[in-house]
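*Asks:* Given the structure of chain A, go ahead and fit chain B onto it with the hints provided.
Chains as they are written, first to last, in the numbering used here: chain A, 80 to 428; chain B, 148 to 269.
In case anyone wonders, no lab produced these hints; they're calculated from the structure. Each hint should be verified, as a subset may be incorrect.
[Said to hold, decoys possible] Straight-line alpha carbon distances no greater than 25 Å define the calculated DMTMM-like cross-link-like pairs of lysine to aspartate or glutamate that follow:
| id | chain 1 | residue 1 | chain 2 | residue 2 |
| --- | --- | --- | --- | --- |
| 1 | A | K394 | A | E336 |
| 2 | A | K412 | A | D308 |
| 3 | A | K412 | B | D183 |
| 4 | A | K247 | B | D218 |
| 5 | A | K247 | B | E152 |
| 6 | A | K93 | B | E213 |
| 7 | B | K231 | A | D156 |
| 8 | A | K394 | B | E219 |
| 9 | A | K239 | B | D178 |
| 10 | A | K239 | B | D183 |
| 11 | A | K298 | A | D312 |
| 12 | A | K239 | B | D181 |
| 13 | A | K403 | A | D308 |
| 14 | A | K298 | B | D218 |
| 15 | A | K394 | B | E152 |
| 16 | A | K247 | B | E219 |
| 17 | B | K231 | A | E299 |
| 18 | A | K83 | A | E393 |
| 19 | B | K231 | A | E324 |
| 20 | A | K83 | B | D183 |
| 21 | A | K83 | B | E182 |
| 22 | A | K394 | B | E182 |
| 23 | A | K239 | B | E182 |
| 24 | B | K231 | A | D302 |
| 25 | A | K83 | B | D181 |
| 26 | A | K239 | B | E152 |
| 27 | A | K196 | B | D181 |
| 28 | A | K247 | B | D183 |
| 29 | A | K247 | B | D181 |
| 30 | A | K83 | B | E152 |
| 31 | A | K412 | B | D218 |
| 32 | A | K394 | A | D320 |
| 33 | A | K394 | A | E324 |
| 34 | A | K247 | B | E213 |
| 35 | B | K231 | A | D304 |
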Amino acid sequence: MSVKYIPVQWNRFKWYYDAAMLAGVAAFLWLFIHIAPGLLSHERPINPQVHNARAFGACAFVMLSIILASGPLARLDRRFLPLVYNRRHFGVLTAFVAVTHAGYIIDWYFAFSKSNKYEALLFANTSYGQIAGFPFEIFGVFALICLLILATTSHDFWLKFLTAPVWKRLHYLIYAAYVSVVAHVSWGILQDQRNHTFTAIFLASAGVVAGLHLLAAFKESRDADPVADAHGDWVAVCRADEIEEGFAKIAQLGDGERVAVFKQDGLLSAISNACAHQNGPLGEGRVVACFVTCPWHGFQYDVRTGRSPAPFTEKIPTYNLTVKDGVVLVDPKANPPGTPVDPVNPEGV
Amino acid sequence: MNTAELLFAGVRWWLTIGAGVAAVFLTIGIDRIDEDARGAYVFRPLLLPGVMLIWPLVLWRWLRIETGAGDEQARYVPPRATHKTVAVLMAAGILAAVVLGLINRPQWPADFVPQQISGPGE
Numbered sequence: 080m081s082v083k084y085i086p087v088q089w090n091r092f093k094w095y096y097d098a099a100m101l102a103g104v105a106a107f108l109w110l111f112i113h114i115a116p117g118l119l120s121h122e123r124p125i126n127p128q129v130h131n132a133r134a135f136g137a138c139a140f141v142m143l144s145i146i147l148a149s150g151p152l153a154r155l156d157r158r159f160l161p162l163v164y165n166r167r168h169f170g171v172l173t174a175f176v177a178v179t180h181a182g183y184i185i186d187w188y189f190a191f192s193k194s195n196k197y198e199a200l201l202f203a204n205t206s207y208g209q210i211a212g213f214p215f216e217i218f219g220v221f222a223l224i225c226l227l228i229l230a231t232t233s234h235d236f237w238l239k240f241l242t243a244p245v246w247k248r249l250h251y252l253i254y255a256a257y258v259s260v261v262a263h264v265s266w267g268i269l270q271d272q273r274n275h276t277f278t279a280i281f282l283a284s285a286g287v288v289a290g291l292h293l294l295a296a297f298k299e300s301r302d303a304d305p306v307a308d309a310h311g312d313w314v315a316v317c318r319a320d321e322i323e324e325g326f327a328k329i330a331q332l333g334d335g336e337r338v339a340v341f342k343q344d345g346l347l348s349a350i351s352n353a354c355a356h357q358n359g360p361l362g363e364g365r366v367v368a369c370f371v372t373c374p375w376h377g378f379q380y381d382v383r384t385g386r387s388p389a390p391f392t393e394k395i396p397t398y399n400l401t402v403k404d405g406v407v408l409v410d411p412k413a414n415p416p417g418t419p420v421d422p423v424n425p426e427g428v
Numbered sequence: 148m149n150t151a152e153l154l155f156a157g158v159r160w161w162l163t164i165g166a167g168v169a170a171v172f173l174t175i176g177i178d179r180i181d182e183d184a185r186g187a188y189v190f191r192p193l194l195l196p197g198v199m200l201i202w203p204l205v206l207w208r209w210l211r212i213e214t215g216a217g218d219e220q221a222r223y224v225p226p227r228a229t230h231k232t233v234a235v236l237m238a239a240g241i242l243a244a245v246v247l248g249l250i251n252r253p254q255w256p257a258d259f260v261p262q263q264i265s266g267p268g269e
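Bound-form chain A, shown alone:
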């Protein structure tokens, strides 16, 4: 949360997160280069340039796998939410590692080409019409472009400027990038792999990523938030006594919009379920002193006004609500973001 943009927002948790991430990358590269040559089929002599290229390539693949696994893990078990908290820093570092891999490859295999080395990368193999021997380099180029787009649009400015839904659709490129990286490895290094330790690690990682996403997607379908029933111009969300003190009930209003009805000091307030930052599920957060905290990145909103505490400026829509015969009714037409709404007594008094 910020009032004016700064280059990078850090706090104590992010320092720890980034320190652990950098230490992990350094440890991986050191292990790959100095400890594991035999394990990874490097018993045949290769020069340091190729060895480094493989180390950075493998590191980028593992990092991308962790990034992609963290999202569904957090959906399946909230204890993994801290992994998601600073995931954009992880993504930017992954792009740097992938660029280093590409740099080693291009500066070794194409450095002495008579033409531009980047153009040589594209025309070195043009067997696009066959599966065996398909130019695997192009998969890597595509994935690298995706990673660069994601890394260069990771600043909070982009979320506000593009809007969170457009930003998220753009960042769905990470799925295409991952499939492309898997193809890059399958058609690349695996074609000549003698020792299958690396093959097994690679297949397990890709399988875990795919499996976790399928599990999370089907869990989301099974446990989908209920669709609010129409009651004239209002919609029924739930019974008032179903809402626990400090928590919310979420309901779908149609077109993907969701409302979260909170109980705070025995009174009810309704706000959009989508955080203004990355559209995180506010209704899964807890209210403390009228402020709900987004479980994804810690943004806070007053449930009575939809506004972040000063000096922060984020706002979300609020909803008018009433209680009839113990049923919470919400006006599906959202108020403009940051519109105060008086909390409602569930007893109707």
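*Replies:* Using the frame of chain A, we list chain B on its own:
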């Protein structure tokens, strides 16, 4: 000009136009459309590569905001339902890439003994 040269010429043009868009957007446009950017300059160089890469999207959003196009409510409607489709497509893509890659691995004879067919320098 071969295909590779043509592609790189296209990339250079794309980035050159992007640099032009970035020069105008990051000095004039950003102050007009985002109050949090006013008086904040140190972070702007970080946006430069992003604008160069996705400048058509930048121009589209800039126009929407300048003209007050009503997408304020759409800001709070995340594309959550899309995830299931994307997850299925990704899993299918991973499976296809792995299977096609592995079944087309070249199989070398295990007992192949290399023979020198000519002397050095011949």
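*Asks:* All hints, please: hold or fail.
*Replies:* Hints, one by one, checked against the model:
1. K394(A) to E336(A): With Cα atoms ~16 Å apart, K394(A) and E336(A) stay inside 25 Å; holds.
2. K412(A) to D308(A): Within the cut-off at roughly 14 Å; holds.
3. K412(A) to D183(B): violated, 28 Å
4. K247(A) to D218(B): Judged against 25 Å, a Cα distance of about 16 Å means the pair holds.
5. K247(A) to E152(B): Given that 25 Å is the threshold and the Cα spacing comes to 33 Å, the pair is violated.
6. K93(A) to E213(B): violated, 35 Å
7. K231(B) to D156(A): holds, 18 Å
8. K394(A) to E219(B): holds, 11 Å
9. K239(A) to D178(B): Holds, because 14 Å separates the two Cα atoms, which is no more than 25 Å.
10. K239(A) to D183(B): holds, 10 Å
11. K298(A) to D312(A): violated, 32 Å
12. K239(A) to D181(B): holds, 9 Å
13. K403(A) to D308(A): Holds. K403(A) to D308(A) sits at ~14 Å (cutoff 25 Å).
14. K298(A) to D218(B): Not satisfied, since the Cα-Cα distance of roughly 30 Å exceeds 25 Å.
15. K394(A) to E152(B): violated, 49 Å
16. K247(A) to E219(B): Holds, because 16 Å separates the two Cα atoms, which is no more than 25 Å.
17. K231(B) to E299(A): Cα-Cα ~8 Å, so holds.
18. K83(A) to E393(A): The given pair, whose Cα atoms are some 12 Å apart, holds under the 25 Å limit.
19. K231(B) to E324(A): Distance of about 32 Å is beyond 25 Å: violated.
20. K83(A) to D183(B): With a Cα-Cα distance of about 5 Å, the restraint between K83(A) and D183(B) holds, given a limit of 25 Å.
21. K83(A) to E182(B): holds, 8 Å
22. K394(A) to E182(B): Satisfied, since the Cα-Cα distance of roughly 14 Å is no more than 25 Å.
23. K239(A) to E182(B): Distance ~11 Å between K239(A) and E182(B) Cα, so the pair holds.
24. K231(B) to D302(A): holds, 13 Å
25. K83(A) to D181(B): Satisfied, since the Cα-Cα distance of roughly 10 Å is no more than 25 Å.
26. K239(A) to E152(B): violated, 37 Å
27. K196(A) to D181(B): violated, 41 Å
28. K247(A) to D183(B): holds, 21 Å
29. K247(A) to D181(B): Satisfied, since the Cα-Cα distance of roughly 20 Å is no more than 25 Å.
30. K83(A) to E152(B): violated, 43 Å
31. K412(A) to D218(B): holds, 15 Å
32. K394(A) to D320(A): Violated, at about 28 Å.
33. K394(A) to E324(A): This hinted pair holds, its Cα atoms lying about 23 Å apart.
34. K247(A) to E213(B): holds, 22 Å
35. K231(B) to D304(A): holds, 15 Å
Violated hints, in rising order: 3, 5, 6, 11, 14, 15, 19, 26, 27, 30 and 32; the structure is consistent with all others.
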